[in-house]
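Asker: Please work from the sequences and hints to get the whole structure.
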Amino acid sequence: MFHVPPSWSSARSVTSRQLFRSARYLSTPVPAPKPQATNIPPAPAPPKHKHKVDLRPAPIKPSTVSATHIPLKPTVPLTKPSATVESTPSLRDVKETARRDIADAEAHGVLKPPPEGANWFRSTLHKVIEIAKFYYHGVKLIFTRRKEINLIRARIKAGGSPLTRSEFRLIHTQKSDINKVVPFLFIALLLEEIIPLIAIYAPFMLPSTCILPSQRERIDAKRADKASAFALEYRHIFNLLKLAESPAGHIPLTALRSANAPAAVCGVLRISTVGIDALRTRRIQRHLQFIAEDDQLLIQDRRLDDLSPKELEETLGERGIITRDLTPKVMRSRLKWWLDSVGDSTSEARRLYLMVNRL
4 MFHVPPSWSS ARSVTSRQLF RSARYLSTPV PAPKPQATNI PPAPAPPKHK HKVDLRPAPI
64 KPSTVSATHI PLKPTVPLTK PSATVESTPS LRDVKETARR DIADAEAHGV LKPPPEGANW
124 FRSTLHKVIE IAKFYYHGVK LIFTRRKEIN LIRARIKAGG SPLTRSEFRL IHTQKSDINK
184 VVPFLFIALL LEEIIPLIAI YAPFMLPSTC ILPSQRERID AKRADKASAF ALEYRHIFNL
244 LKLAESPAGH IPLTALRSAN APAAVCGVLR ISTVGIDALR TRRIQRHLQF IAEDDQLLIQ
304 DRRLDDLSPK ELEETLGERG IITRDLTPKV MRSRLKWWLD SVGDSTSEAR RLYLMVNRL
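Residue numbers (my numbering): 4 to 362.
The reader is advised that the hints may include incorrect statements.
[Unchecked claim] Distance condition first, Cα-Cα at most 30 Å in a straight line; then the derived DSBU-like pairs of lysine-lysine: (1) Lys178 x Lys136; (2) Lys143 x Lys313; (3) Lys183 x Lys136; (4) Lys183 x Lys98; (5) Lys225 x Lys332; (6) Lys115 x Lys143; (7) Lys332 x Lys229; (8) Lys160 x Lys150; (9) Lys225 x Lys313; (10) Lys160 x Lys178; (11) Lys183 x Lys115; (12) Lys98 x Lys225; (13) Lys183 x Lys130; (14) Lys150 x Lys136; (15) Lys225 x Lys143.
Don't read these hints as lab results, they were simulated from the structure.
Answerer: As structure tokens, then:
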């Protein structure tokens with residue numbers, strides 16, 4: 004038997020113990036070191052509100068505008084003249100508007116109501132016939148009125164009584180109706196169903212004798228609203244026109260050459276804004292000439308106190324004076340101020356100045 008020396012045996016035992024200890028070290032997980040307690044304070048909590056950033060330089064507070072300050076830039080973007088923005092009406096709205104206009108005309112005795120107990124067909128046919136008769140008599144009145152106007156002119160030419168204001172306005176209305184009657188006849192014969200739309204959106208196309216009472220009220224109300232809207236929307240233009248005063252108390256028509264000035268003045272004077280600036284300026288000139296003659300006849304007749312509230316509103320509106328929420332007493336006072344201001348002057352520039360400075 005082979006004998007192992009004692010030194011070999013002890014060496015093998017030492018080696019076995021070392022291997023066992025090394026394997027134990029590798030298989031046993033090493034615990035993570037625990038953090039030691041220190042005196043470090045906890046992190047501060049985030050603020051509930053962000054700190055205000057101090058901007059340098061700070062915004063400059065706008066200074067107070069003086070009463071005499073006139074803005075050189077428009078307060079609103081320059082747009083095409085449109086006093087009010089209206090949505091396109093539906094067919095149902097148009098029919099309902101026409102139905103109310105006819106019912107109101109029947110209530111005022113302008114149109115004859117359908118017979119009692121009539122069915123839908125007979126009632127509709129009756130209304131169509133009555134409206135056609137109304138338009139026929141309206142157009143006929145325009146032509147028969149010419150005889151009356153010829154008699155007035157013959158009387159004046161012969162040296163008779165002077166022209167009255169009512170006669171002057173009748174002649175002016177007749178001229179306007181003559182220009183409208185041919186296009187209206189074409190529409191009435193071929194496209195009668197769109198006449199309610201014309202009364203709403205293009206009332207300047209209708210002769211005065213072919214407008215139902217409720218249509219006239221709606222037209223007048225829309226013109227008044229348009230004048231108020233234009234006076235507010237184009238305030239910067241009227242402020243610039245005030246600077247064009249030359250001589251004192253007068254604004255010449257040449258001041259209307261600036262952009263949108265003719266449209267702004269047309270809107271306030273309640274006349275059509277359709278067309279280019281040259282046409283609008285010509286329209287303003289003719290209107291101011293009409294106002295100059297009307298002023299002289301108002302002074303001549305001396306019947307200012309006899310004007311009804313409706314006539315006062317119409318008269319002031321023609322002169323570009325806003326009449327919304329005014330009592331008859333205030334309207335009469337403003338008309339008196341206008342007549343005292345123009346006096347015997349027939350100047351168009353004087354009236355343009357008064358209109359602009361009254362806004």
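Asker: Each hint should be assessed against the structure and marked as holding or not.
Answerer: A quick look at each hint next to the structure:
With a C-alpha separation of about 23 Å, the suggested pairing of Lys178 with Lys136 holds against the 30 Å cut-off. Restraint check for Lys143 and Lys313: the C-alpha separation of about 27 Å stays at or below 30 Å, so the hint holds. At roughly 18 Å between alpha-carbon atoms, Lys183 and Lys136 fall within 30 Å of each other, so this suggested pair holds. Annotation: proposed proximity of Lys183 to Lys98 holds, straight-line Cα distance about 25 Å (limit 30 Å).
Of the pairs offered as hints, the one joining Lys225 and Lys332 holds, with about 23 Å between alpha carbons and a cut-off of 30 Å not exceeded. Simply put, Lys115 and Lys143 have alpha-carbon atoms about 19 Å apart, close enough for the 30 Å limit, and the pair holds. Of the pairs offered as hints, the one joining Lys332 and Lys229 holds, with about 23 Å between alpha carbons and a cut-off of 30 Å not exceeded. Proposed proximity of Lys160 and Lys150 is supported: the alpha carbons are some 15 Å apart, at most 30 Å.
Straight-line distance between C-alpha atoms of Lys225 and Lys313 comes to about 15 Å, which keeps the hinted pair within the 30 Å bound. With a CA separation close to 19 Å, the supplied pair Lys160 and Lys178 stays within the 30 Å bound. As the CA atoms of Lys183 and Lys115 are separated by approximately 26 Å, the hinted pair is consistent with the 30 Å bound. Simply put, Lys98 and Lys225 have alpha-carbon atoms about 20 Å apart, close enough for the 30 Å limit, and the pair holds.
Restraint check for Lys183 and Lys130: the C-alpha separation of about 24 Å stays at or below 30 Å, so the hint holds. Annotation: proposed proximity of Lys150 to Lys136 holds, straight-line Cα distance about 22 Å (limit 30 Å). For a cut-off of 30 Å, the pair hint linking Lys225 to Lys143 stands: about 28 Å separates their Cα positions.
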